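Colleague: From first to last, the protein sequence lines stand for chains A and B.
Each residue of the first sequence is one higher than the one before, counting from 1 in my numbering.
Each residue of the second sequence is one higher than the one before, counting from 441 in my numbering.
Derived from the structure by calculation, the hints contain no laboratory data.
Since this is a predicted model, take the numbers as computed values, not measurements.
Certain hints may be false.
[Unchecked claim] Sample of chain B residues facing chain A (criterion: CB under 10 angstroms; computed from the structure):
#1 Pro485
#2 Ala488
#3 Ala610
#4 Gln762
#5 Gly766
#6 His767
#7 Tyr823
[As the list claims (entries may be wrong)] Cβ-to-Cβ under 10 angstroms is the rule here; a few derived chain A residues that face chain B:
#8 Ala108
#9 Met221
#10 Lys238
#11 Arg274
#12 Gln322
#13 Lys330
#14 Glu352
#15 Arg354
#16 Ser373
#17 Leu420
[Claimed, not checked] Counterexamples of contact, computed for chain B against chain A with all Cβ distances above 12 angstroms:
#18 Pro480
#19 Glu606
#20 Gly733
Think of the CB as a built atom: it goes at the ideal place given N, C-alpha and C, for glycine as much as any other residue.
Protein chains: 2
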Amino acid sequence: MSTTLLVNATLLPCDDAMSVVEGGWVEVRDDVVQGLGAGPPPDRPGAAVMDVGGDIVMPGMVNPHCHMAMTLFRGLGEDVDDRLFRYVLPLERRLVTPEMVRVGTRLAVLELIEGGVTTVADMYYFETEVGRVVDEAGLRGVVGQTLADFDPPDHRTMDEGFALVEALAAEFAGHPRVTASIAPHAPYSTDVPVLARVAAWAEEHPGVPVQIHLAEMDSEMAWCAERHGLRPVQLVRKAGLLRRGLICAHCLHVDAHDIACMAEAGATVAHNARSNAKAGRGIAPVEAMRRAGIPVGIATDGPMSGNTLDLLAQFGPVTMLQKLAGHSRKPMPCVEVVRMATREGARVLGLEARIGSLEPGKQADLVRIDLSSARVQPVYDVYATLVYASLASDVRDVMVAGRWLMRDRTVLTLERKKVLRDAGQIAAAFRAEMTRIDAG
Amino acid sequence: MSTTLLVNATLLPCDDAMSVVEGGWVEVRDDVVQGLGAGPPPDRPGAAVMDVGGDIVMPGMVNPHCHMAMTLFRGLGEDVDDRLFRYVLPLERRLVTPEMVRVGTRLAVLELIEGGVTTVADMYYFETEVGRVVDEAGLRGVVGQTLADFDPPDHRTMDEGFALVEALAAEFAGHPRVTASIAPHAPYSTDVPVLARVAAWAEEHPGVPVQIHLAEMDSEMAWCAERHGLRPVQLVRKAGLLRRGLICAHCLHVDAHDIACMAEAGATVAHNARSNAKAGRGIAPVEAMRRAGIPVGIATDGPMSGNTLDLLAQFGPVTMLQKLAGHSRKPMPCVEVVRMATREGARVLGLEARIGSLEPGKQADLVRIDLSSARVQPVYDVYATLVYASLASDVRDVMVAGRWLMRDRTVLTLERKKVLRDAGQIAAAFRAEMTRIDAG
Numbered sequence: 001m002s003t004t005l006l007v008n009a010t011l012l013p014c015d016d017a018m019s020v021v022e023g024g025w026v027e028v029r030d031d032v033v034q035g036l037g038a039g040p041p042p043d044r045p046g047a048a049v050m051d052v053g054g055d056i057v058m059p060g061m062v063n064p065h066c067h068m069a070m071t072l073f074r075g076l077g078e079d080v081d082d083r084l085f086r087y088v089l090p091l092e093r094r095l096v097t098p099e100m101v102r103v104g105t106r107l108a109v110l111e112l113i114e115g116g117v118t119t120v121a122d123m124y125y126f127e128t129e130v131g132r133v134v135d136e137a138g139l140r141g142v143v144g145q146t147l148a149d150f151d152p153p154d155h156r157t158m159d160e161g162f163a164l165v166e167a168l169a170a171e172f173a174g175h176p177r178v179t180a181s182i183a184p185h186a187p188y189s190t191d192v193p194v195l196a197r198v199a200a201w202a203e204e205h206p207g208v209p210v211q212i213h214l215a216e217m218d219s220e221m222a223w224c225a226e227r228h229g230l231r232p233v234q235l236v237r238k239a240g241l242l243r244r245g246l247i248c249a250h251c252l253h254v255d256a257h258d259i260a261c262m263a264e265a266g267a268t269v270a271h272n273a274r275s276n277a278k279a280g281r282g283i284a285p286v287e288a289m290r291r292a293g294i295p296v297g298i299a300t301d302g303p304m305s306g307n308t309l310d311l312l313a314q315f316g317p318v319t320m321l322q323k324l325a326g327h328s329r330k331p332m333p334c335v336e337v338v339r340m341a342t343r344e345g346a347r348v349l350g351l352e353a354r355i356g357s358l359e360p361g362k363q364a365d366l367v368r369i370d371l372s373s374a375r376v377q378p379v380y381d382v383y384a385t386l387v388y389a390s391l392a393s394d395v396r397d398v399m400v401a402g403r404w405l406m407r408d409r410t411v412l413t414l415e416r417k418k419v420l421r422d423a424g425q426i427a428a429a430f431r432a433e434m435t436r437i438d439a440g
Numbered sequence: 441m442s443t444t445l446l447v448n449a450t451l452l453p454c455d456d457a458m459s460v461v462e463g464g465w466v467e468v469r470d471d472v473v474q475g476l477g478a479g480p481p482p483d484r485p486g487a488a489v490m491d492v493g494g495d496i497v498m499p500g501m502v503n504p505h506c507h508m509a510m511t512l513f514r515g516l517g518e519d520v521d522d523r524l525f526r527y528v529l530p531l532e533r534r535l536v537t538p539e540m541v542r543v544g545t546r547l548a549v550l551e552l553i554e555g556g557v558t559t560v561a562d563m564y565y566f567e568t569e570v571g572r573v574v575d576e577a578g579l580r581g582v583v584g585q586t587l588a589d590f591d592p593p594d595h596r597t598m599d600e601g602f603a604l605v606e607a608l609a610a611e612f613a614g615h616p617r618v619t620a621s622i623a624p625h626a627p628y629s630t631d632v633p634v635l636a637r638v639a640a641w642a643e644e645h646p647g648v649p650v651q652i653h654l655a656e657m658d659s660e661m662a663w664c665a666e667r668h669g670l671r672p673v674q675l676v677r678k679a680g681l682l683r684r685g686l687i688c689a690h691c692l693h694v695d696a697h698d699i700a701c702m703a704e705a706g707a708t709v710a711h712n713a714r715s716n717a718k719a720g721r722g723i724a725p726v727e728a729m730r731r732a733g734i735p736v737g738i739a740t741d742g743p744m745s746g747n748t749l750d751l752l753a754q755f756g757p758v759t760m761l762q763k764l765a766g767h768s769r770k771p772m773p774c775v776e777v778v779r780m781a782t783r784e785g786a787r788v789l790g791l792e793a794r795i796g797s798l799e800p801g802k803q804a805d806l807v808r809i810d811l812s813s814a815r816v817q818p819v820y821d822v823y824a825t826l827v828y829a830s831l832a833s834d835v836r837d838v839m840v841a842g843r844w845l846m847r848d849r850t851v852l853t854l855e856r857k858k859v860l861r862d863a864g865q866i867a868a869a870f871r872a873e874m875t876r877i878d879a880g
């Protein structure tokens, strides 16, 4: 049995009250939080004691929507409309292989750990490879096998796609940190019969989260209207898939009726503020969704859309865009942003019983964030500091399930240089393919 | 005579074509750029040679609107409307002293250097103190003594205010790096007679830049309309102040006629994307202003409004907000963002003959930005990397006028620990005053 005591912390347990505990301590025993409090820590002979010198200690952050392997697409084809059909899908068809997914996901996992994210929900191809990388690196993840009808890289038919889902679910059944998930790509790329088949599959596999891109694009709205005379949320509902365990990414185009239906069904939302803004798509009605009781988490989207997996870099945009939309400083106070990135993100993924806050018995997923930079001083309001001033590079130590994944900015569970070298080699092939596409 | 050669750079000279030079070199002789190019560097016996290992070398960034001493207000009173009148002005009246300005400005200068900003335009009180701190730290600055009629901390009458301006101008006349400036606060806090007096003073002092907050707030629009039946830009024009050398901060509420008048007059704009968004105020029409030929720079605003002086953290919002407003990915391509932060920022301040790009004969103000983070890899498009992925913490070395201000993240011209300690002491007084205000 191993015990670690973190002492002298600006402790943010991310409990329901979003308390701030000055001079706080946390006791970790094996993989769980044993206790926490203010003042003198308990006497634990033999414990590893870590004095964090007033730094923030808080739950590791949750990124509920990501396409990790797309780190290898980061920065390709910027500032161009219709990137999805012009670049993303052709590049994926030609270049996405199990090897590419392994290499790109390793790069992503390195970046996530360096930025203080301890749980990530992914949806991509060859997803068993993704789960294995998450496992090797000691991270926590919800790994979703994508299903789509646009000739994606890993399945030609839906039967093949479901076989990949079955293999994924079998491999990670009962895994303590990796949760298999099924991920129909979007309404326009699956249509109602596939969505209904996913709903039936999910019914037979309780506890398996379902991920989907939903109500994201103007072209999607038009497709759903023309094909079915429905809005995307209603189309998913018609297919029987609007249910507890459905994680909806984006949700820009949801009206009051859509929101009421989502809340009633128990669906959750992954909000991608930067990615949506960068695409010029709009501002999701986050405040309205949360008022209706829908859990909303903060996500990065894939690195081709959002460029980084830096969750702290989402914090400013998340609140600023709601303030812009509300024409006031009041919407989305700082503390709510941090709540969304931790305990609410855990609810989005259905993991709130195990992670999202530091409470006795929960998993010891935590991060230490340095407060010594000139950029963050003075610290009057630690939530304002986190939302408006902290950078990913301020994250100093990261623990998942009681195991240190990063100490003093050194990631311990990945070979950093090899990860970057392998990524560089695959990037050369991407460069060549882009040149070919641009040449017509 | 001292010579430094930087070699093996991803060199961004920020010339008019915004070239990218792989394997580039820059030669610095004393305080100026002697030469630059690609391929083998010139043979310079005795030169200090620095191999940057493929990192970016580019001109130091320009922050054309800031209230540096307000680092000490960072994070106070967040998420509250009407902060200016409820918190900022009362706090300033009671707590802004020459000592506070020195301490707060030192903290700001430390942060600016650590974030790769080499030229800053400031407008605040006791501005001679600001100029001295900028000078001591080796930074380049345009330091503007604020004039306002709301009983500001350093002058009770406009005569006293102009005396401060005269003293400032006298102290820094002919200084190689510090340029004195006069800064009428805003239309609603100076009114036409003071603006006209500033215009007359500026006429007598050619080359002294004028800074003003302009067309920023709904309440300002209402004040100008009720008092004068004019929009803010037209009010400044009526006072004779819309002229070359006028630096207008914000400019959210400018219509086509305002823009045409500003362009014709040769006025320039400091754009504060994050600060404006965070206040819920709106999105400045940056594309329209630039199309009209108005130079627009990227600014942080003061740290009470924008929280940090991190210019790289503005890059994403600058492009994303224009894309949102334009409902497309196309507005404000990455390369334009970097242009605004360098050569165009220099034009905003009237310093384009001396800084803003790396060209032979220009001042050697440059930064090195590390490209080794997992968060930025792979680098397909270095401008996309800078705009969407780089963080202030990636800035590794900073030179102003040929002198290293930071090497390998260590600032050489300020006593870091003392700066933070002094700031912490003054922060205690701010905390107490906030408690008093909130208690009513």
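Colleague: Hint check: is the beta carbon of Ala108 of chain A less than 10 angstroms from a beta carbon of chain B?
Modeller: holds, 8 angstroms
Colleague: Are Lys238 of chain A and chain B close enough, Cβ to Cβ, to be under 10 angstroms, as the hint says?
Modeller: violated, 29 angstroms
Colleague: Classify the hint on Gly766 of chain B as holds or violated, based on whether any CB of chain A lies nearer than 10 angstroms to its CB.
Modeller: Since chain A brings a Cβ to about 6 angstroms from Gly766 of chain B, closer than 10 angstroms, the hint holds.
Colleague: Under the criterion of a CB-CB separation shorter than 10 angstroms, is Arg354 of chain A in contact with chain B as hinted?
Modeller: violated, 27 angstroms
Colleague: Measuring from the C-beta of Tyr823 of chain B to each C-beta in chain A, is the shortest one below 10 angstroms?
Modeller: Given a least distance of 8 angstroms, the restraint on Tyr823 of chain B holds.
Colleague: Measuring Cβ to Cβ, find out whether Glu606 of chain B lies farther than 12 angstroms from everything in chain A.
Modeller: Check passes; 33 angstroms lies beyond 12 angstroms.
Colleague: Holds or violated: Glu352 of chain A as interface residue toward chain B, Cβ cutoff 10 angstroms?
Modeller: Hint on Glu352 of chain A: violated, closest Cβ of chain B at ~26 angstroms, above 10 angstroms.
Colleague: Taking 10 angstroms as the limit, does the beta-carbon of Leu420 of chain A come near enough to a beta-carbon in chain B?
Modeller: holds, 6 angstroms
Colleague: Just to be careful: measuring from the Cβ of Met221 of chain A to every Cβ in chain B, is the smallest value less than 10 angstroms?
Modeller: violated, 13 angstroms
Colleague: Find the nearest Cβ of chain A to the Cβ of Gly733 of chain B and say whether that gap is larger than 12 angstroms.
Modeller: holds, 22 angstroms
Colleague: Using 10 angstroms as the Cβ threshold, decide whether Gln322 of chain A counts as touching chain B.
Modeller: holds, 9 angstroms
Colleague: With a cut-off of 10 angstroms, does the beta carbon of Ala610 of chain B approach a beta carbon of chain A closely enough for the hint to hold?
Modeller: Given a least distance of 31 angstroms, the restraint on Ala610 of chain B is violated.
The structure fails to meet hints 1, 2, 3, 9, 10, 14, 15 from the earlier list, while all remaining hints are met.
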